[in-house]
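Trainee: These protein sequence lines are chains A and B, in that order.
Everything in the first sequence is counted per my numbering, starting at 1 for the first residue and increasing by one.
Everything in the second sequence is counted per my numbering, starting at 1 for the first residue and increasing by one.
Careful: at least some of the hints might be erroneous.
A short, non-exhaustive set of chain A residues, derived as facing chain B with CB atoms under 7 Å [as the list claims (entries may be wrong)]:
{"#": "1", "residue": "Thr7"}
{"#": "2", "residue": "Pro8"}
{"#": "3", "residue": "Tyr10"}
{"#": "4", "residue": "Leu11"}
{"#": "5", "residue": "Gly42"}
{"#": "6", "residue": "Gly99"}
{"#": "7", "residue": "Thr104"}
{"#": "8", "residue": "Tyr106"}
Sample of chain B residues with no beta-carbon within 10 Å of chain A, all distances over it, derived [to be verified]:
{"#": "9", "residue": "Thr7"}
{"#": "10", "residue": "Gly43"}
{"#": "11", "residue": "Val78"}
{"#": "12", "residue": "Lys103"}
{"#": "13", "residue": "Thr113"}
{"#": "14", "residue": "Pro116"}
Think of the hints as simulated: they come from the structure by calculation, not from any bench.
Beta carbons: idealized from backbone N, C-alpha and C, even for Gly.
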Amino acid sequence: KAGVTQTPRYLIKTRGQQVTLSCSPISGHRSVSWYQQTPGQGLQFLFEYFSETQRNKGNFPGRFSGRQFSNSRSEMNVSTLELGDSALYLCASSLGTSGSSADTQYFGPGTRLTVL
Amino acid sequence: AQKITQTQPGMFVQEKEAVTLDCTYDTSDPSYGLFWYKQPSSGEMIFLIYQGSYDQQNATEGRYSLNFQKARKSANLVISASQLGDSAMYFCAMRNTNFGNEKLTFGTGTRLTIIP
């Protein structure tokens, strides 16, 4: 089975611009979660999508948004970029079984975003 | 609130030796899952091992085993016969099963360096 894929792998943007990141989950997985990783804040949960609906949300401003398509592929959008948005953005997919502690998330290689 | 604590920022271990990476957690939920991930310098998070809160036996996956002590709220990762390729960041994570809060909470990680 192919793993989780993310595109692009690297991005350089300037402040004020917007960016869209893409994530294709493992075949059969219906849940996609997004995480931001920075040296200062570590790994932080952004949001989770399941069956095209946002199911969980972290504590990020409204500039961060996402969506999921019927084929479970997901996109994340950041508008009005700030310097502090520079980070590794990781996407993870899972079966999405609600109420199961064993719902294992498998991660993609990440998109490294640099905001100048 | 859920919290994961990894108190070892970095460790140096001789090749072929066993290594234990510490992880303690805090949660008031009776049902939860504990995960360990490996993150090489490339950035991708690689799933290593899972332990459920109701599992009676410690989980094992090849050279990885999880020393689960529920009363102490600890879930240490043990790597036997370490290899140079084990050099990476290691993250402990927890997943709760409360609907609407089913996300992974990560610790700050431990950087493991294997010395030849």
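Trainee: Run every hint past the structure and note whether it holds.
Mentor: Here's how the hints hold up against the structure:
no.: 1; hint: Thr7; result: 14 Å, violated
no.: 2; hint: Pro8; result: 13 Å, violated
no.: 3; hint: Tyr10; result: 11 Å, violated
no.: 4; hint: Leu11; result: 14 Å, violated
no.: 5; hint: Gly42; result: 5 Å, holds
no.: 6; hint: Gly99; result: 5 Å, holds
no.: 7; hint: Thr104; result: 6 Å, holds
no.: 8; hint: Tyr106; result: 6 Å, holds
no.: 9; hint: Thr7; result: 14 Å, holds
no.: 10; hint: Gly43; result: 4 Å, violated
no.: 11; hint: Val78; result: 20 Å, holds
no.: 12; hint: Lys103; result: 4 Å, violated
no.: 13; hint: Thr113; result: 18 Å, holds
no.: 14; hint: Pro116; result: 27 Å, holds
The earlier numbered hints that this structure contradicts are 1, 2, 3, 4, 10, 12.
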